[in-house]
Amino acid sequence: MRIVLGTLVALIVVAVGFSRPAVVQALPTPIPHPSQTPPPDLAQPSPTALPLLINGQIVDVELGFIVFSSGDAFRLAPASAFVDDATGLKPHYEIGPGVFAVAALDPATAQVTRVRTSLHPLAQGTPAAQIPRQYVVEASSPQPNPDLAPPTGIYSSRLSTKTQVAFTVQVPPDTPFTDSVYMATDTSGWNPQAIKLQRVDGLHFRTLIELPGGTAFSYLFTRGSWQNVERDQAGLERKARRIFVTGADSQIVYAQVYRWADLP
Amino acid sequence: MPHGKATPRFLRNALACAAAIASLPAASLGAQPPQAIEQQRIAVSANRVTYYSDQAIVQARGNVRVRLDDGTTLSGDAFSMDLSLRRFLVVGHVRLTAAGASYAGAAFADFLPFRRMYFVPLDPSADRWTFLKGDYAHPEKGRQMPGDAFFLPDLSGAHPYIVAKRAIIDPATFIALSPAALVFLNGAMQTPELTTDVLNFSDNYYFRVNSLSGAVFDAPYDFAGSDASLSTLHLRYDQQRKFYGSVEQHALWNAGYAVFSLNPATQAAKQWNLLGYDRASPRSALQLQTQLFTVQRGLAEPTSSSGFGDLQFTQTLGHSGVRVDVTQSYMNLLGNGATPNHPITAGISWLGFDEPLLRSGLTYRLTSGISETHDAFGVSGSGHPDVTSDFLALAAYTPVYPAPLGTGINAAYSIQRTYMSFPNKLDQKTFQLSDSKRLTEKFFLVASYVVTSARTDNPALAIVSPNLSTGLVPQPISSNGLPLVLQGLPAATDRLTQLAASFAPSASFQLTLVGQHHDYSPASPAPNPALFGDQVSADVRARISKTLFLDVQRAFIFPSHSFSPQFVVQISSQ
Numbered sequence: 000m001r002i003v004l005g006t007l008v009a010l011i012v013v014a015v016g017f018s019r020p021a022v023v024q025a026l027p028t029p030i031p032h033p034s035q036t037p038p039p040d041l042a043q044p045s046p047t048a049l050p051l052l053i054n055g056q057i058v059d060v061e062l063g064f065i066v067f068s069s070g071d072a073f074r075l076a077p078a079s080a081f082v083d084d085a086t087g088l089k090p091h092y093e094i095g096p097g098v099f100a101v102a103a104l105d106p107a108t109a110q111v112t113r114v115r116t117s118l119h120p121l122a123q124g125t126p127a128a129q130i131p132r133q134y135v136v137e138a139s140s141p142q143p144n145p146d147l148a149p150p151t152g153i154y155s156s157r158l159s160t161k162t163q164v165a166f167t168v169q170v171p172p173d174t175p176f177t178d179s180v181y182m183a184t185d186t187s188g189w190n191p192q193a194i195k196l197q198r199v200d201g202l203h204f205r206t207l208i209e210l211p212g213g214t215a216f217s218y219l220f221t222r223g224s225w226q227n228v229e230r231d232q233a234g235l236e237r238k239a240r241r242i243f244v245t246g247a248d249s250q251i252v253y254a255q256v257y258r259w260a261d262l263p
Numbered sequence: 000m001p002h003g004k005a006t007p008r009f010l011r012n013a014l015a016c017a018a019a020i021a022s023l024p025a026a027s028l029g030a031q032p033p034q035a036i037e038q039q040r041i042a043v044s045a046n047r048v049t050y051y052s053d054q055a056i057v058q059a060r061g062n063v064r065v066r067l068d069d070g071t072t073l074s075g076d077a078f079s080m081d082l083s084l085r086r087f088l089v090v091g092h093v094r095l096t097a098a099g100a101s102y103a104g105a106a107f108a109d110f111l112p113f114r115r116m117y118f119v120p121l122d123p124s125a126d127r128w129t130f131l132k133g134d135y136a137h138p139e140k141g142r143q144m145p146g147d148a149f150f151l152p153d154l155s156g157a158h159p160y161i162v163a164k165r166a167i168i169d170p171a172t173f174i175a176l177s178p179a180a181l182v183f184l185n186g187a188m189q190t191p192e193l194t195t196d197v198l199n200f201s202d203n204y205y206f207r208v209n210s211l212s213g214a215v216f217d218a219p220y221d222f223a224g225s226d227a228s229l230s231t232l233h234l235r236y237d238q239q240r241k242f243y244g245s246v247e248q249h250a251l252w253n254a255g256y257a258v259f260s261l262n263p264a265t266q267a268a269k270q271w272n273l274l275g276y277d278r279a280s281p282r283s284a285l286q287l288q289t290q291l292f293t294v295q296r297g298l299a300e301p302t303s304s305s306g307f308g309d310l311q312f313t314q315t316l317g318h319s320g321v322r323v324d325v326t327q328s329y330m331n332l333l334g335n336g337a338t339p340n341h342p343i344t345a346g347i348s349w350l351g352f353d354e355p356l357l358r359s360g361l362t363y364r365l366t367s368g369i370s371e372t373h374d375a376f377g378v379s380g381s382g383h384p385d386v387t388s389d390f391l392a393l394a395a396y397t398p399v400y401p402a403p404l405g406t407g408i409n410a411a412y413s414i415q416r417t418y419m420s421f422p423n424k425l426d427q428k429t430f431q432l433s434d435s436k437r438l439t440e441k442f443f444l445v446a447s448y449v450v451t452s453a454r455t456d457n458p459a460l461a462i463v464s465p466n467l468s469t470g471l472v473p474q475p476i477s478s479n480g481l482p483l484v485l486q487g488l489p490a491a492t493d494r495l496t497q498l499a500a501s502f503a504p505s506a507s508f509q510l511t512l513v514g515q516h517h518d519y520s521p522a523s524p525a526p527n528p529a530l531f532g533d534q535v536s537a538d539v540r541a542r543i544s545k546t547l548f549l550d551v552q553r554a555f556i557f558p559s560h561s562f563s564p565q566f567v568v569q570i571s572s573q
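From first to last, the protein sequence lines are chains A and B.
Mapping the first sequence onto numbering that gives the first Met the number 0, position 113 (from 1) lands on 112, and the numbers just tick up by one.
Mapping the second sequence onto numbering that gives the first Met the number 0, position 26 (from 1) lands on 25, and the numbers just tick up by one.
Zero decoy hints are in this set.
Facing chain B, a subset of chain A residues (Cβ under 7 Å, in silico):
| no. | residue |
| --- | --- |
| 1 | 59 |
| 2 | 61 |
| 3 | 62 |
| 4 | 136 |
| 5 | 139 |
| 6 | 141 |
| 7 | 172 |
| 8 | 185 |
| 9 | 197 |
| 10 | 198 |
| 11 | 202 |
| 12 | 233 |
Listed next, the in silico BS3-like pairs over lysine-lysine satisfying Cα-Cα at most 27 Å (straight line):
| no. | chain 1 | residue 1 | chain 2 | residue 2 |
| --- | --- | --- | --- | --- |
| 13 | A | 161 | B | 441 |
| 14 | B | 545 | A | 161 |
| 15 | B | 441 | B | 545 |
Bear in mind the hints are in silico, worked out from the structure with no lab data behind them.
Keep in mind that this is a model prediction, so the values were computed, not measured.
Note that the Cβ used here is the ideal one computed from N, Cα and C, for glycine as well.
My request is simple: use the sequences and hints to build the entire structure.
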């Protein structure tokens, strides 16, 4: 017994140490979340005093340009210098994609003269996307992008960053009374015991989960394994259920399981 | 009847029924395959490709080369893909080559769900271009871009889970990294370069249909895969077999799947499993389950071999479904002189949907079935080579009614009578009464009284069958034969009184306490105390990381004044 327990504990310790746990069948499918930031406000002038300090993440330094992750390109002065923000010396790392920077731009020449860099975000300066457009190199005149129009019909989630989603499921009457009910989700690699539900009465189980607005995932109810996953009324395998979290303060999902795969 | 010589009459009838049902016209309702599989792949190579499992991000740096399905190639200094957003970007000295176009620029981003590609060209001057639907020859110039179009996630404090040199990414299904080195213990340990590691994150659950019997520990390694297949090696452990290796292969198509496994593959006693499912139409499906048991060293000639197969065809009707079920066992598949025996059970069952009982609030469900079992040596050792079984079952339940003290009460009752042509009959009944109380939003009490009983005329004449049309499928809990086999007893009854308290103060913690009192009869022979003894059990489930839960269960059994034989400790992902 002790040996078995010891082995189990050892296995657990090893499993916890894994970035991906050994007992997990697959990596969780990431839960999508809204990410697109609004378009830069082209009309807003920079609050930064001249010379302009441009803050951003570098994606390229090439052909006389320094380009930030917002897609804004600025011309580099021929004698421009790159220094590490912490030491003031030449950086010991390569100036390339992902390096954070504060670039000093001379308004008279519209050229970047000095760039302080760091491997971590810096606090100074104005985000590159908010720099007055006359300093940004763009061969074409700006055009609107209809893709960036705010979506309609979805709450903006300004009051709550997360939505409390209540899943309540009614189980069939032949469900063994001592069994537990779980949700298997695609985000857990379809682990049949991913989310355990609480029994609330003789027919219902439920769980409360906080999810960011915009989250979408697929799920099915099980009694703990794929041998006893839910089926449809006729006993056929059913399509996975799907939820999309709208972004309201709370959301209620009511479901009914008609049959289990292992029961007639 | 000589075994295996002639097709039994009942089998012919069953096949005729199956053919008739299969010929029923298919209607348009019903489920479709879980999800369509997207066909869009990105092949990446670089000096270093890393995968961050916690954030579902792939990054590549140094001499990055990217090839898309349409033949477009990109090169650059860095590549990053957020699998949750299905967006990838290539930044730094980007060279884009596509049909009819070749550009040099600073950054390229592809928002796959929208078919929008954003590009910052630098030659002859910096600009903003957008390619719509893969048309690289005609960029939309000057079009605004999302403010974070080319932002590389800051992973400076994170440790990758896998380090490789190449990756094939199907944004909807999988990522395959090779040669993959796994990183453990927050970067403290890294394996040598292995072959390919496939990480499947499809929302199609067919990839996760499990054909392996239970083990207390399972470490899977997906070594090959695509949007329609997955090959997995398993390192497993259970108390009987100890450590062993298994192999499993999934194959998917639009309306079904097949799963093959060899478990264990590293020990002499082997199980060869094959599961199959095909959605023949929106209202019907064919399901196959087969197992072959062998005892053999490696792949040498077996010294023992047996198996069984089960084939089901299910058809949805108006407010019910019918299922044809054929099960055949193979007691000995070796031509070593032993007498072969291939008992078979075939039948058809009817499954009524839940229906309201007038306006009473009650809901009921009817189920019935008829089957025939043939065993040349006598069914269940009875000397009867052919036994017919038919059953009728009724289940009814109430909704949850408001009750005094702010509680909710509901009841369920089910009864099934099964006739067997031995002759014999079996009655099974279950009555359940529950009273529940919500103490707070997150704290529930449920008191229940459950009576389960079984009675037969002759306990020696019974069948336990995996075939659903017999009505004699073993229940999940069947110690002491309750309710099917009865182990020589003519009747058994269990009266369970249970009080369950469930407390979930947050999504990260859940505690369930259950007290059970069993009144089991007959008292002799003594029932299994682990199942029918008074006990108190506790189950704690707590989050231990962003994606992992620890679940610990244990019970104290009063008849033996001992804890349950083992802790149940489980780590699962969410």
